[in-house]
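These protein sequences, in sequence, are chains X and B.
All you need for this note's numbering is the position in the first sequence, starting with 1, plus 134.
All you need for this note's numbering is the position in the second sequence, starting with 1, plus 3.
Hints were generated in silico from the structure; no laboratory data involved.
There's no promise every hint is true.
With a straight-line cut-off of 25 Å between C-alpha atoms, the simulated BS3-like cross-links for lysine-lysine are [claimed, not checked]: (1) 213/X with 181/X; (2) 341/X with 193/B; (3) 298/X with 340/X; (4) 195/X with 181/X; (5) 193/B with 340/X; (6) 181/X with 298/X.
From a predicted model like this one, the values you see are computed outputs, not experimental measurements.
Each chain, letter by letter, is given below.
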Amino acid sequence: MEDGCRGLLHKVVLGGFFLVAFLLGQGGRDAAYAHRVNLFAWVEGGKVHTESRFPGGRPVKGGRVLVYNAAGVKLLEGKTDEEGRFSFPAPPPTDLKIVLEAGMGHRTVWTLKAQELGEAAPHGPSSQQTTPSEPPAASHREAGGAPALGPEFRGLLEEVLDRKLEPLQRELAALRQQGPTFREIFGGIGYILGLLGVAAWAASRKKGR
Amino acid sequence: MHISDGVLRPEVSVAAYVAAAAVTGLCMRRMRTEEMPKVAVVTSAFFVASLVHIPLGPTSVHLLLIGLVGALLGSAAFPSITLGLILQTLLFGYGGITALGANSLMMGLPALVAGWIYRGLRGRDWGGHMAAGFMAGALGTTLAAVFLALLLMTSGEDFYGVARVALLAHLPVIGIEALITAFVVSFLGKVKPELLP
């Protein structure tokens, strides 16, 4: 009789908890899900794109993205959208430090090299303001091996390359954002058993003396 | 709930390292040789618990098992959690190496408190174990969320804001862990009471 009552009580408590959990889980699910965050940034068509995810691929919604230049001066900041993305116009080439703050102590840093920005600069909004005579000069300086290429061809080439490389870059981002593998999990368990085994052995030797 | 590198101020990180090392040392001295296999098993469980994603409606959360570690290990819970966190940081990239001390305090101290609560509350019967386990399981993660807010307060964040968000986010985890802890300790109390501290 008493056991029956207890069984019922447990079911009620369990059901209640799942209900509460379901309702509240909606609010802060990303934060509860995460133990780390990933940020991936790449340059495409004169813009810097960033993608922020928790392990397993859940996007960081509304995460704070801060962009610093090589000297540590903050250039801009923004928030990630529903898909964890945030894009901004490519600044003049410099090593960019992109920091993601996902709340509750979650933070990560991505460094974007100046070379990557340098290639994209002719497409950037900054170059649109320059005089038409400048792009050929720029292409002359950069592409030392192929001076014959006109600026139109260069632009087209870059556009095509950007388009072709985009899936690759996404895949690369997804690869970086994978959770731990079996190797790491079992390796960790092995370390725990091994370390405590060594400790037990040392302790038993001390006792034996 | 792991704090990443670069979030806390350096002096806070260093102080947390010192404090965590001191508590680990104190707890290790109290650990008995016979306990070590149990510590290994519970540490392994804590280490992999963060990978257990529980589908919960449209979302999923993962476990921390702070209260369970505290209830099962007593004072050995702190070194156990520290070791689990070191490996989670090195192998999974959770948290960060400079924040290890802070993370260890944030999850280890609640485990100790949960252990004391469990031993203080549990009765001899099955129901007593159940209720005490429930309390310990719920308290572990709740306290960890409060500690997280305290630590983040040192780097200028608003205590009540962080505490509210962290508690709200972890309410499902708190509920599930309370149940898991209650069932595990009551089961062990029935079939193998010598495993409980």
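Here's how the hints hold up against the structure:
1. 213/X with 181/X: 16 Å, holds
2. 341/X with 193/B: 32 Å, violated
3. 298/X with 340/X: Roughly 65 Å separates the two Cα atoms, so the pair is violated.
4. 195/X with 181/X: 20 Å, holds
5. 193/B with 340/X: 34 Å, violated
6. 181/X with 298/X: 16 Å, holds
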